[in-house]
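Asker: Sequence:
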Amino acid sequence: MNRLFLLFLFLYQGVVIAQKERSVNVKTFGAKGNGTTLDTKAIQKAVDHCAAQGGGTVWFPAGRYLTTTVFLKDNVTLDIPAGTTILGATDISLYPVLTPKIPYYSNDNIHFALFYAEGNQNISLRGNGIIDGQGAAFKDTSPAFPKNYNARPFVFWFVQVKGLTVKELHLRNSGFWMQHYLNCEEVLIDGIEVFNHSNKNNDMMDIDGCKNVRIVNCLGDSDDDGITLKSMNQYPVENVVISNCILSSHCNAIKCGTESSGGFKNIAITNCIVRPSIVSDRAIYGNPTGNSGITLATVDGGELDGIVIDNIRISGPQAPIFLRLGNRARPYKKDQENVPVGALRNVYISNVVATGASRLGCLLAGLPEHPIENVHLSNISISFSGGGTLADAQKQLLENEKKYPDAEQFGLSNAYGFQVRHARAISLKNIQLNYLKTDDRPAVVLDNVQQGTVEGISAVVSPNAEAFVQLRNCQAIKVIHCFPEFASTSASFLKASNVKNVLLLNNDLRGFAKPIATENTAAEEIMLK
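Quick note on numbering: UniProt numbering labels position 197 of the sequence shown as 197, and the sequence is numbered without any gaps.
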């Protein structure tokens with residue numbers, strides 16, 4: 001027994017010694033950490049030393065380390081503890097030009113980063129220290145899109161890295177997106193805090209064509225989008241979990257898109273809070289209240305399929321929920337032709353409470369020949385500012401299939417609550433809607449929808465509204481167990497135009513002068529029970 005214990009102790013000590021040998025102090029390699037001396041060479045030497053030993057940890061003692069691009073290597077961890085700040089140098093001419101080998105949309109336009117890795121594995125960045133990109137110092141060299149991206153760096157840029165962990169860091173002030181993960185696998189982003197209000201395109205993070213990703217316990221406040229999933233080449237974003245995050249954005253807090261060539265598959269977003277930004281007096285993009293809480297958009301040919309969103313609390317953005325299938329059809333490489341229309345299907349959004357929404361309304365929109373499919377919303381409560389008019393309810397929305405997809409692209413919706421356009425197999429269930437200022441639009445509008453269910457809607461109705469629910473060019477629709485909070489004597493419960501096979505069942509029709517108003521619809525097409 002004693003011999004076995006001594007053998008175990010010997011082996012344990014050997015492991016500890018080996019671990020210590022693989023943990024190096026960046027100052028041993030010449031780093032000064034005084035905030036003025038450029039420490040890039042010393043940091044890179046420490047990384048290279050660990051990589052040459054088969055891996056290890058580069059440790060940064062308390063200090064301020066000024067650097068340009070650091071190239072991370074296989075099996076290397078950066079340990080950046082509390083009391084340590086890494087500063088991005090502000091002279092873009094000191095940064096090497098980076099061009100990933102894999103083709104993607106911005107190959108010709110984005111070339112700089114503070115930390116970079118391509119084709120590596122098992123990389124980790126951790127600690128409670130700060131990485132500050134000092135992004136406000138970087139200015140566009142061209143006013144034209146996309147060339148104005150050329151002179152501004154990411155803080156993190158990881159390309160085709162397998163096995164990547166970013167944990168508990170505080171990230172500040174990037175020149176462009178804070179983090180770009182391009183075609184990476186097995187990614188864990190855990191417990192980081194991001195503040196990004198220093199320049200244009202200040203996203204919190206961009207998960208681009210990656211798979212097997214976990215984003216958990218994160219806190220973010222960004223001028224541009226928050227947690228953004230996108231696909232800038234043929235690879236989809238797939239198998240992603242986003243959970244227990246608190247997000248603020250002047251644009252879109254949680255977003256799929258805009259770049260969507262490869263599409264999105266198997267995404268689960270749960271237990272998140274969207275709240276107003278602490279930066280309320282200015283905005284570079286968007287507006288201080290935010291554009292949307294949740295945006296799901298595919299416009300470049302990719303399929304958005306299998307998205308589950310549950311238990312979300314939203315406060316402040318103009319539109320809590322926005323879904324869009326469009327046809328921008330932007331190729332991700334120069335020789336790509338005939339980008340097809342993509343698909344948006346199998347989306348489940350539930351248990352959402354939203355307050356402070358504007359009068360935009362929530363729009364779920366496909367295209368006339370390409371409907372969104374199998375989209376289901378349930379157990380949702382939203383409070384809007386109100387103020388919409390009859391003219392807003394009656395206006396014809398443009399298709400805008402080529403336009404950049406955001407919650408404002410159509411202006412005010414025809415409904416103050418939810419408007420669904422060009423859709424098949426849609427359900428809205430157990431939804432509460434109200435407004436602060438009288439709004440003369442219907443609570444729900446379905447336009448060119450087949451196989452739709454509107455069930456358990458409880459919503460305010462304006463005395464001047466034409467209807468509680470409006471259907472246009474719809475087939476096979478059920479409106480069940482809906483309860484207006486109050487009804488005017490002039491409004492109809494349902495206004496229907498050019499519809500077929502509509503069932504009204506167990507709705508509260510009291511107080512309506514005329515329960516059903518129809519246009520271009522045979523009486524037998526609407527069944528009232």
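A couple of the hints might just be wrong.
Computed cross-link-like contacts, DSSO-like style, restricted to lysine-lysine with a CA-CA straight-line distance of at most 30 Å [to be verified]:
#, residue 1, residue 2
1, K32, K101
2, K265, K403
3, K41, K27
4, K437, K402
5, K139, K211
6, K514, K395
7, K73, K45
8, K139, K41
It is worth saying that the hints were derived from the structure and are not from the lab.
Asker: Which numbered hints turn out to be false for this structure?
Answerer: 1, 4, 5
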